[in-house]
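Participant: With chain A fixed as given, assemble chain B onto it according to the hints.
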Amino acid sequence: MEIIVNGENKQVPENYTAEQLVAEMALLGKRIAMEVNLEIVPRSTYDAHTFNQGDKIEIVHAVGGG
Amino acid sequence: MTQVKQDTPLIIAGVEYKSRLLVGSGKYQDNEETRLATEASGAEIVTVAIRRSNIGQNPDEPNLLEAIPPEKYTLLPNTAGCYTAEDAVRTCKLARELLDGHDLVKLEVLGDEKTLFPDVRQTLIAAEELIKDGFKVMVYTSDDLLIAKELEAMGCVAVMPLAAPIGSGLGIRNPYNIRFIVEELTVPVLVDAGVGTASDAAMAMELGCDGVLMNTAIAAAQNPILMASAMKKAIEAGREAFLAGRMPRKRYASASSPLDDTFF
Numbered sequence: 001m002e003i004i005v006n007g008e009n010k011q012v013p014e015n016y017t018a019e020q021l022v023a024e025m026a027l028l029g030k031r032i033a034m035e036v037n038l039e040i041v042p043r044s045t046y047d048a049h050t051f052n053q054g055d056k057i058e059i060v061h062a063v064g065g066g
Numbered sequence: 001m002t003q004v005k006q007d008t009p010l011i012i013a014g015v016e017y018k019s020r021l022l023v024g025s026g027k028y029q030d031n032e033e034t035r036l037a038t039e040a041s042g043a044e045i046v047t048v049a050i051r052r053s054n055i056g057q058n059p060d061e062p063n064l065l066e067a068i069p070p071e072k073y074t075l076l077p078n079t080a081g082c083y084t085a086e087d088a089v090r091t092c093k094l095a096r097e098l099l100d101g102h103d104l105v106k107l108e109v110l111g112d113e114k115t116l117f118p119d120v121r122q123t124l125i126a127a128e129e130l131i132k133d134g135f136k137v138m139v140y141t142s143d144d145l146l147i148a149k150e151l152e153a154m155g156c157v158a159v160m161p162l163a164a165p166i167g168s169g170l171g172i173r174n175p176y177n178i179r180f181i182v183e184e185l186t187v188p189v190l191v192d193a194g195v196g197t198a199s200d201a202a203m204a205m206e207l208g209c210d211g212v213l214m215n216t217a218i219a220a221a222q223n224p225i226l227m228a229s230a231m232k233k234a235i236e237a238g239r240e241a242f243l244a245g246r247m248p249r250k251r252y253a254s255a256s257s258p259l260d261d262t263f264f
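If you read the sequences in order, they're chains A and B.
Note that my numbering gives residue 15 to position 15 of the first sequence, counting from 1, and the numbers run on in steps of one.
Note that my numbering gives residue 85 to position 85 of the second sequence, counting from 1, and the numbers run on in steps of one.
Honestly, I wouldn't trust all of these hints.
Beta-carbon label-pair distances, calculated as ranges [to be verified]:
#1 B:E33 x A:N6: 25 to 31 angstroms
#2 A:N6 x B:D60: 17 to 23 angstroms
#3 B:E39 x A:E8: 33 to 39 angstroms
For the record, the hints were derived by calculation from the structure and aren't laboratory data.
For every residue, glycine included, the Cβ atom is placed at its ideal position computed from N, Cα and C.
Chain A with its partners taken away, still in its complex shape (with noise of 0.2 angstroms):
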């Protein structure tokens, strides 16, 4: 299935959860948060969290900024 992660299209198998996005972008262990369809998927939630066709996503870190 289909879904958007940050502004770039990505093809995934079904039930693909947070924690395996998180870790094939080699973020397991950083400090990130995550967005789902604009809700908050807490970090604690990662490995419960499985995806929907066209669920838009937003993976964010702190970056310097006045």
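Facilitator: Chain B in isolation, oriented as in the chain A frame:
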């Protein structure tokens, strides 16, 4: 002889801070410069921006939080780049998740690309929604007294009027407006944006501000680490001058040496 008065600490949302200098983490050459300048400034609160993670394109990208660890500093996420209340609220919710529930945020909602002046209408809307959701909002705003009072009344924990446009280094454009805000509000008032050099920071403190937030003034200096040190001293000097109570301005001279017993 009057005793040297001990200053009261800066208290924001019930937490005490020794330093009245708050700094940003943007525009530095690299992580090491960020780390050294932040240390030299003595700041305890450091702002960060929230942006998309790289999707595995650059796994060796240095991590900002190694330079400014959350164990050492109070990280203050900002809503930089947001032009709508909706984007600002989204950013704060992501930031709160990112920082394990820490809910002190710097709210800025911009209205104009050239000046980066705040859209105060959207700022008021965002502030209200964030406060309802339990955030502790330090709000970047214009030097308009009425807007400042409204932001305080709705529950912002600090009000932060700009000195001049973000990154302009022009210093305090209207000290009289800043002074009105300082006089009328009871929450901490911090000048945020537009400071250029140490004397600007000292002036903000002499006006009675509770603190100053700056980024470009340090990061864009020829020697950022030295400027950070200068700013630390300027904040302290300005604060002491304020507490000391300056002499009145006079239109005419008043000699400092005695007029009697001259031999000429």
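Participant: Compare the structure with each hint and give your call.
Facilitator: Hint by hint, here is what the structure shows:
1. B:E33 x A:N6: 25 to 31 angstroms: 28 angstroms, holds
2. A:N6 x B:D60: 17 to 23 angstroms: 19 angstroms Cβ-Cβ, so the 17 to 23 angstroms window holds.
3. B:E39 x A:E8: 33 to 39 angstroms: Holds - the Cβ-Cβ distance for E39 of chain B and E8 of chain A, about 38 angstroms, lies within 33 to 39 angstroms.
Violated hints: none; the structure is consistent with every hint.
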